[in-house]
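Peer 1: Given the coordinates of chain A, assemble chain B onto it according to the supplied hints.
Listed here are the chains, written in short residue letters.
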Amino acid sequence: MTIFLSHGQTGGVNREAQRDSRAVRWSVMALSLGFLLLFILLPLIAVFIEALRRGIVPFLEAIAEPDALSAIRLTLLVAAISVPLNIVFGVVASWAIAKFEFRGKAFLITLIDLPFSVSPVISGLVYVLLFGAQGYLGPWLRENDIQIIFALPGIVLATVFVTFPFVARELIPLMQSQGTDEEEAAIMLGANGWQTFWKVTLPNVKWGLLYGVLLCNARAMGEFGAVSVVSGHIRGKTNTIPLHAEILYNEYNFVAAFAVASILALLALVTLVAKSVLEWRFGHELSTGGKH
Amino acid sequence: MAAIDLTAPRRRVFAGPVAHALLIGLAVTLSVLVIGLPVVAVFGMALSSGASVYMAAILQPATLYAIWLTVLTALIVVPINIGFGIAAAWAITRFTFPGKKLMTTLIEIPFSISPIVAGTAYLFLYGAQGLFGPWLAASGIQIMFTVFAIFLVSLFVTSPFVARELITVMQSQGVEDEEAGVSLGASGYMLFWKVTLPNIKWALLYGAVLCNARVMGEFGAVSVVSGSIRGETNTLPLQIELLFQDQNTAGAFAAASTLTVIALITLFIKLWAERRRDSHERL
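Quick mapping for you: the protein sequence lines, in order, are chains A and B. Quick note on numbering: the UniProt record's numbering labels position 119 of the first sequence as 119, and the sequence is numbered without any gaps. Quick note on numbering: the UniProt record's numbering labels position 183 of the second sequence as 183, and the sequence is numbered without any gaps.
Chain A on its own, in the form it takes in the complex:
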């Protein structure tokens, strides 16, 4: 009897709740889809439309132009240097943080996080302050004929700063959640530290590492603010793809600007697809669920 009554009651309530939740459902869906279409998809599609508006030939010509090619080369070179640096650093830092106890660990984590909250302009500026002609180390660098600012080393430094946290942030939670049991087993079976790392630790975190590397690489190739401050915008020399796109735009060379921008957009899409594939296939191994 009671069961029957309560069943009837919740049934009625449920109908009302269902109507409610349908209303919620539609408004939530409309809101999020509308936002996505309007603010994210539409602008992106616009880039490709504009790049290809005059047809494929001017598009290819714009990309094959020497300055554009040198920008692409520089961007690839910068990524090829700064991403491996950040991989090494990320692995070392997350290993130290996840598997050892030491004083100042919280401080180290805080430092690693800092580039996520500091404006890229500032990160560029501080390197000018340190290594520029008027900077702290400027006179010494000039005497030894080393150029850092307005040259490749400055661009790499600024990029490393900006992308510093990506790999480490991805690996720390992953390594922490995995614990040290497997490493301990390896040590007990007679493996040395080096073997433990290559045969146990690294295979355990490889997908998380790849995920972090993808994010790091996307940011390294796309970074504008920090690089713009230290690069000096020398055409064909210190211009990366994002800087080159901006220069072309400022010269009202729209087709070329959008063609170059579309390379970056394409890169982003490739990154995204690779990232999604990783998430779908190895989601359970990326236990952080994409927290960055």
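Misleading hints may appear alongside valid ones.
Covered by chain A, per the in silico footprint, the following chain B stretches (three or more residues, Cβ under 8 Å) [stated by the list, open to error]:
| # | region |
| --- | --- |
| 1 | 63–74 |
| 2 | 140–146 |
| 3 | 193–202 |
| 4 | 258–272 |
The calculated label-pair distances, taken between Cβ atoms and stated as ranges, are [stated by the list, open to error]:
| # | chain 1 | residue 1 | chain 2 | residue 2 | range |
| --- | --- | --- | --- | --- | --- |
| 5 | A | Gly179 | B | Ala51 | 27 to 35 Å |
| 6 | B | Gly50 | A | Ile146 | 26 to 34 Å |
| 7 | B | Val32 | A | Phe282 | 30 to 38 Å |
| 8 | B | Gly44 | A | Val273 | 57 to 65 Å |
| 9 | A | Arg73 | B | Gly83 | 36 to 44 Å |
| 10 | A | Val273 | B | Phe43 | 36 to 44 Å |
| 11 | B | Ala128 | A | Arg235 | 21 to 29 Å |
| 12 | B | Ala51 | A | Glu182 | 27 to 35 Å |
| 13 | A | Arg235 | B | Pro61 | 31 to 39 Å |
Facing chain B, from chain A, some residues (calculated, C-beta under 8 Å) [as the list claims (entries may be wrong)]:
| # | residue |
| --- | --- |
| 14 | Val28 |
| 15 | Ile87 |
| 16 | Pro120 |
| 17 | Glu246 |
| 18 | Ile247 |
Keep in mind that the hints were calculated from the coordinates and are not lab data. C-beta: ideal position from N, C-alpha, C; glycine also.
Peer 2: Just chain B now, with coordinates in the frame of chain A:
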């Protein structure tokens, strides 16, 4: 017994104290050199000419305006992205619909795209030569090179932060609490305020803080669409660069130090929210 045996080697895992010290030393040294030192240098440089010069540089009208515009942008963009983040996370974690995976992927586009692309894309939509350009001109509406353009690109660049954070948390929490709420007769509205929101509040704060940091610090996308008109469309990062280009190093670093202070505050709120979020998840 086995447990005791296992705790013994725990101290000497990973081959001895040398590797141990080396790893920690390397991590600490690199972080201090690449990140800590440069950030300290900002304050050193800003205060190198004395406190009065510092204050004068900050109280300069253009810099004050840039600070105000940056705060205003954050005040507008962060709440909108909180709204979007909640809606998107709710849709993705509570409903099933075709294209859900695609939507999850699309949300993250701004993370992997260069901000310069975001800026130029908006220029193409709303600029004078853009898709909507003629229509906007005919209606007498200007978006590009005004504060509205700054709001729009900031929205684009920071839209994934809250959504991304909430999707993770709401997925791991599941729907049991909400189902209990529904069976007890709660309306959708009540359900959200009394059940869902309290469950996700720390993750929400964490995402909002990250979003805020990025809004305030964004340079690339904003610089393309703002036109950098002093005292009109110059945000703090743009103002810093402008001052620096003018060889006004004291002014640039004074402005940079305000932005860095904001970043540090952000960082501490973030760490705090993160800790609360993680302890909340564990409960």
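Peer 1: Going through the earlier hints one by one, which of them does the structure break, listed in rising order?
Peer 2: 1, 2, 3, 5, 8, 12, 15, 18
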